[in-house]
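Undergrad: Sequence:
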Amino acid sequence: MFLAICLVGAGYLLGSVSSAILVCRWLGLGDPRTAGSGNPGATNVLRVGGKKAAVLTLCGDVLKGVLPVLAAHLVSGQPAVVAATALAAFLGHLYPVFFGFKGGKGVATAIGVITAMTWKVAAAMVLTWLFMALVFRYSSLSALTAALLAPAYTAFLAPDNSYIAAVAAMSLFLFWRHRSNIRKLLAGTEDKIGARRQNA
80 MFLAICLVGA GYLLGSVSSA ILVCRWLGLG DPRTAGSGNP GATNVLRVGG KKAAVLTLCG
140 DVLKGVLPVL AAHLVSGQPA VVAATALAAF LGHLYPVFFG FKGGKGVATA IGVITAMTWK
200 VAAAMVLTWL FMALVFRYSS LSALTAALLA PAYTAFLAPD NSYIAAVAAM SLFLFWRHRS
260 NIRKLLAGTE DKIGARRQNA
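Quick note, in the working numbering, the sequence shown goes up one by one and the last residue is 279.
Check before you lean on any hint, since a few could be wrong.
List time: in silico DSS-like cross-link candidates among lysine-lysine, alpha-carbon distance up to 27 Å [unchecked claim]:
#, residue 1, residue 2
1, Lys271, Lys130
2, Lys271, Lys131
3, Lys263, Lys181
4, Lys181, Lys130
5, Lys130, Lys263
6, Lys181, Lys271
7, Lys131, Lys181
The set of hints was computed from the structure by calculation and includes no laboratory data.
Starting from the given sequences, assemble the full structure and let the hints guide the process.
TA: Dropping the structure here:
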């Protein structure tokens, strides 16, 4: 039990490290929480800082999801502990203790933790995101579609109850964190991929 608590706690703390904020500070781009959409994530960093900053942010957000879950696999190996660690890292990104519990929307970190849990589900989600992004050019719509299908992908490709529960919880949080995007999509005011805001 103590080991499980340590793994979950470490997952949350690593997830709380904001790649977007650190990358933007390093590159002298300011705080992504006060520019563009205000979201400290790769899509907003792309808008306000360009491709290099966005790629670094994306890699950081994915990696901080992968590492704690891989550690849980290696140290514990119990699906429930792995799933709990994955969910903790994801929630760390959404509600980071180091940044006033105000984090990103969680798409890249979700892909990271799910990749480490079960790569087949992550691959299905990435393919879904890419298809939707290529067709509709909306990052948020692509993420929401992938999130909607993720529990079904998990039930089919990695039918473990702990994994299904963790992925379903992440999907719900992803929809909650994208609620403003959903309103903009319905209103036709959502930014497309690659668009730069005038005040960015």
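Undergrad: Hints the structure violates: just list their numbers, smallest first.
TA: Of the numbered hints, all hold.
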